[in-house]
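Put chain B on the given structure of chain A with help from the hints.
Taken in order, these protein sequences are the chains called A and B.
The first sequence runs contiguously to residue 161 in full-length UniProt numbering.
The second sequence runs contiguously to residue 278 in full-length UniProt numbering.
Among the hints, a few may not be true.
What the hints assert, rightly or not - Here are the simulated BS3-like cross-link-like pairs (lysine-lysine), alpha carbons at most 30 Å apart as the crow flies:
no., chain 1, residue 1, chain 2, residue 2
1, B, K237, A, K22
2, A, K14, B, K24
3, B, K261, B, K93
To be verified - Sample of chain A residues at the chain B side, in silico, Cβ under 8 Å:
no., residue
4, I15
5, N18
6, R19
7, K22
8, E23
9, P74
10, M75
11, S108
12, P109
13, A110
Keep in mind that the hints were calculated from the coordinates and are not lab data.
Backbone N, C-alpha and C define an ideal beta-carbon position, used for all residues, glycine too.
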Amino acid sequence: MTSPSASSRKALSKIATNRLQKELMEWQVNPPAGFKHKVTDNLQRWVIEVNGAPGTLYSNETFQLQVDFPEHYPMEAPQVIFIPPAPLHPHIYSNGHICLDILYDSWSPAMTVSSVCISILSMLSSSSTKQRPNDDERYVKNCRNGRSPKETRWWFHDDKV
Amino acid sequence: MKGVNSAAMQAEQLKLDGNLCFMKNRFGAAIDAYTEAITLCPNVAIYWTNRALCHRKRNDWTRVEEDCRKAVQLDHNSVKGHYMLGLALMQRKKYAEGIKALERSLDLGRGANPRSYMVEEIWQELARAKYQEWEHDSTQRSWDLQNLKECCEIALVEKYSLDVTQMEGFTDEITDSASQQLQALNSVFSKASEPDTPKEIPDYLCCRITLDIFRDPVIAPSGFTYERAVILDHLNKVGMFDPITRQPLRPSQLVQNLAVKEAVQAFLETHGWAYRMD
Chain A
1 MTSPSASSRK ALSKIATNRL QKELMEWQVN PPAGFKHKVT DNLQRWVIEV
51 NGAPGTLYSN ETFQLQVDFP EHYPMEAPQV IFIPPAPLHP HIYSNGHICL
101 DILYDSWSPA MTVSSVCISI LSMLSSSSTK QRPNDDERYV KNCRNGRSPK
151 ETRWWFHDDK V
Chain B
1 MKGVNSAAMQ AEQLKLDGNL CFMKNRFGAA IDAYTEAITL CPNVAIYWTN
51 RALCHRKRND WTRVEEDCRK AVQLDHNSVK GHYMLGLALM QRKKYAEGIK
101 ALERSLDLGR GANPRSYMVE EIWQELARAK YQEWEHDSTQ RSWDLQNLKE
151 CCEIALVEKY SLDVTQMEGF TDEITDSASQ QLQALNSVFS KASEPDTPKE
201 IPDYLCCRIT LDIFRDPVIA PSGFTYERAV ILDHLNKVGM FDPITRQPLR
251 PSQLVQNLAV KEAVQAFLET HGWAYRMD
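Okay, chain A solo, but in the shape it has when bound:
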C-alpha cells in the first residue's frame, strides 16, 4: 500500500533539484501552448492548468494536472495525474489516473514536464469520443487505498481512441 504522496515523500536529489530548476526557468520563458504552471514554492509538486485545444472535444474546458517528482528524477518518471474532475476520455480514469505509456514503462530521462504535457494534450486532442475506460469502476475501486498510478501494471490501450 502506498499513499498518493509516496513519490513526494523523499526529498529531491541534487541532480533532480538542479534539473527541475532549469526546467522551471525554461517553462517560464517558453511555456508549452495551452498550459499554465501555477506558481508555488514547491519544486517537487507542480500543478498545471490545461486548456482543451480549440476545435477538439475539450475546447473551452480547463483541467488541472498534478505532477509529483521522485527523488531520482529524471531517472524515474514523474507521477502525473489529473486532479478530479478529470477529462472524460477513454484513457483517463475518473480518479485522474492517466493510461499513457511514457509516464510508466516508456519513460525516458530526455523527456521533460513540457514534453509530457504536450503528449497529454495531444492524447486529449485526438479523442473522438468522451467516455471513461471500460474498466473504470473496477480500476478506481482497486485504487481506493490511495495507490499511485505508478504502482499499476498498465496494459496500454492502442493509440487510436
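Leaving out everything else, chain B in the frame of chain A:
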C-alpha cells in the same frame, strides 16, 4: 641502519595514532601525533598532508598552506597536497595560484583514479574557485568599462559644444550626429560587457538529461551527446537504450566527444559565470 628503521616504524605508528584521533574529531591530539612523526621522519609527504587536513578542519589556513607547500615539495604528485594548497590560496584570494594548484590536483587525481570521490570533490572546488575568480575579475572589468564610458561621453559632449560654437548655422546636423555618436558609444560599451553578463548557456553545450553545461561529454551512435555519468546511470537504471532515439545502446558504444569538450572549455574561458553551481 637499525636506528633509521626504528624511527620510520615509530613515525608510522604515530601516524596511525593521529589517524585514530582524527576520526574521533580530536584534531589537536592528531596534530601532536603527526608533528612527532614529522620530527622523526620529515621527508614523508603524507605526514604533512595529514596534519594539513587537521589544520583545515580547524580553519587554520596559514598552517594548511605551510604544510601543503612542504608536502608538494617532497612529493610533486601529492593529490591532497596540491588540493589543500589550492583551497588555502583561495582563502587568501590568490585566485590564479589557487586555481593552478587545484587544476594540478585534479589532473593527478584523474590519473590515479578517475572515478574516486576525491576527483568529484576537487572538481566542485575548482568550479567554485573559477567562479570566484570570475566574480572578482568581472567586477573590476565592469568598473573599468563604466569609467571609460563616462569619460568618452564627457569628451563627446565637449566636442559637441565646441562644434556648435565654431559653426554657426548648421547646428541641427551637428546635434543629430552627436546624438548618433552617443548612441553608438552606448551600444559599443554594452557589447563589451556582454561576455560578463550571465545569460542562458547555449543548448548545444548542455546535456539533454541534466540540462546543464557538459563536464565530460560522450557521444552515442545516434549522434546525440550526453553527460557521461548521467547516461551511464540511465543505462544502468532505466534501460539499455538511447534516451532520445530509443535505439539500443550499450556503455561500450559511448565515445568521448572531444569537440564538445573543447567548445565547453572555450565558452567557460570567456564566460566564467557559467561555472556557477547551485
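Hints broken by the structure, by number, lowest first?
Nothing - there is no hint that the structure violates, so all of them hold.
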